[in-house]
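Both chains come to you apart, so use the hints to assemble them.
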Amino acid sequence: AQSVTQLDSQVPVFEEAPVELRCNYSSSVSVYLFWYVQYPNQGLQLLLKYLSGSTLVESINGFEAEFNKSQTSFHLRKPSVHISDTAEYFCAVRRSNDYKLSFGAGTTVTVRA
Amino acid sequence: DAGVTQSPTHLIKTRGQQVTLRCSPKSGHDTVSWYQQALGQGPQFIFQYYEEEERQRGNFPDRFSGHQFPNYSSELNVNALLLGDSALYLCASSLVGLPRWDTEAFFGQGTRLTVV
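Protein chains in written order, with this note's numbering: chain A, -9 to 103; chain B, 830 to 945.
If we strip away everything but chain B, and leave its shape as in the complex, we get (with noise of 0.2 angstroms):
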């Protein structure tokens, strides 16, 4: 059983380009979250996608945005690159047909951004 994959694993971008991070999750997992993790610090929460529409979103700016694919794999866009997006960027996969708060995130290896 696969679990959460995440491509690419590494990427450079210059400031100002537009990047697209992608996440397949856990067989059987219907919801997709992701997160920023600064170097140091603790994951950051982006926004979580289920059923195709964004749930809820943490505190970052429209410049983050997202995409959640009828088959549950997820997108996530950043247009107009700072410096300081660059970080590894995680995303969780969990099963939440209903708020059934039993289930726990799994999570990939992450996507490492540099911007430059």
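So that you can see chain A by itself, here it is in the shape it has in the complex (with noise of 0.2 angstroms):
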């Protein structure tokens, strides 16, 4: 069963104007959330993390998600987007009694000027 889903495959939105994408998880136990950016041909780069505390988690280039456990989501958002933020945006979820990262699909932003 799928246990991270992120709503949106793909989202195109133009420069300077704010895009948000959408997570959410399933879990009986209390859980650690991730998203993921991967640039083209690379890796994956830590975007933000919510571990515990305040649920609003912020990025230093911008972005900032939302912890929400009453609708189990963690939903990203920026404000204002780049053409450098092209890129694929992965969520992510660790529960507290698993070692393992479960991964959404991905959503894959375009940015047009």
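Calculated from the structure, these hints are not laboratory results. A few of these clues could be false.
[What the hints assert, rightly or not] A few chain B residues that face chain A, going by a derived Cβ cut-off under 8 angstroms, partial list only:
1. Leu868
2. Gly871
3. Gln885
4. Gly913
5. Ala916
[Said to hold, decoys possible] From the derived model, a few chain A residues whose C-beta atoms are all more than 10 angstroms from chain B:
6. Pro2
7. Glu5
8. Arg12
9. Gln32
10. Gln35
11. Glu48
12. Gln61
13. Ser74
14. Arg102
[Said to hold, decoys possible] Pairwise CB distance ranges (calculated):
15. A/Ser44 <-> B/Ser856: 27 to 33 angstroms
16. A/Gln35 <-> B/Pro890: 28 to 34 angstroms
17. A/Ile50 <-> B/Ser856: 19 to 25 angstroms
18. A/Gly52 <-> B/Ser856: 46 to 52 angstroms
19. A/Ile50 <-> B/Arg892: 27 to 33 angstroms
20. B/Leu912 <-> A/Asn31: 19 to 25 angstroms
21. A/Thr(-5) <-> B/Arg892: 26 to 32 angstroms
22. A/Asn51 <-> B/Gly869: 21 to 27 angstroms
Don't be surprised by glycine CBs; every beta carbon is placed ideally from N, CA and C.
And the structure:
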């Protein structure tokens, strides 16, 4: 069963417009949540993470994500995108009783001028 | 500080052959995980090694095996290659002496395996 669902497979967006990438998960235990970015022909880079504490987490390059326990979501947002934000974005979950990361299928963000 | 390094970067093999992929973890890390990323999909967990033992395994056949060395580096071996094994293989390292969930996984650039 799919435990991490990224609701949008592709998101086209104009430069300087806002973007939201949706991620929902299913788990019967507490979780730790991550967003990774993958540029073409490269590995994964951690964008931001939620481990505990404040439900709103931010990255150094303007992205933010909010953990919503009741809705089991961890949506990623950026108020104004750049051409360089064009990439594949993956939501990942690690359950508190598990060692592995479970990934969603990814969302391709294409930023156009 | 070198991050996670993987070798080779690209590899072409024939069906039925065997392949070995290598990974050096980030300095100070003691745990290595391997993931398979098929084209257009998210990474899938293969297994994790800690203290030279396989600690957890994903839903992959026994054709996939691994090893971790005393210096924490790791190898992924795949026997009897199938066309469906073509994918990007990612190695991730982390520091997990005891289950320290406040650590993140750092990924290498991956090895692109093509089976023909």
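Here is what the structure says about each hint:
1. Leu868: violated, 11 angstroms
2. Gly871: holds, 3 angstroms
3. Gln885: Check passed: Cβ of glutamine 885 of chain B comes within 5 angstroms of chain A, closer than 8 angstroms.
4. Gly913: violated, 17 angstroms
5. Ala916: The hint is violated - alanine 916 of chain B has no Cβ within 8 angstroms of chain A, the shortest such distance being about 13 angstroms.
6. Pro2: The assertion about proline 2 of chain A holds, with a minimum of 17 angstroms to chain B.
7. Glu5: Holds, since 25 angstroms exceeds 10 angstroms.
8. Arg12: Consistent with the label, arginine 12 of chain A stays out of reach of chain B, its closest Cβ about 15 angstroms off (over 10 angstroms).
9. Gln32: violated, 6 angstroms
10. Gln35: violated, 7 angstroms
11. Glu48: holds, 16 angstroms
12. Gln61: holds, 21 angstroms
13. Ser74: Consistent with the label, serine 74 of chain A stays out of reach of chain B, its closest Cβ about 19 angstroms off (over 10 angstroms).
14. Arg102: holds, 21 angstroms
15. A/Ser44 <-> B/Ser856: 27 to 33 angstroms: Because 30 angstroms falls inside the window, the suggested range holds.
16. A/Gln35 <-> B/Pro890: 28 to 34 angstroms: With a Cβ separation near 30 angstroms, glutamine 35 of chain A and proline 890 of chain B satisfy 28 to 34 angstroms, so the hint holds.
17. A/Ile50 <-> B/Ser856: 19 to 25 angstroms: holds, 22 angstroms
18. A/Gly52 <-> B/Ser856: 46 to 52 angstroms: violated, 29 angstroms
19. A/Ile50 <-> B/Arg892: 27 to 33 angstroms: Given range 27 to 33 angstroms: violated, Cβ gap about 41 angstroms.
20. B/Leu912 <-> A/Asn31: 19 to 25 angstroms: holds, 21 angstroms
21. A/Thr(-5) <-> B/Arg892: 26 to 32 angstroms: holds, 29 angstroms
22. A/Asn51 <-> B/Gly869: 21 to 27 angstroms: holds, 25 angstroms
Hints 1, 4, 5, 9, 10, 18 and 19 from the earlier list are contradicted by this structure; the remaining hints agree with it.
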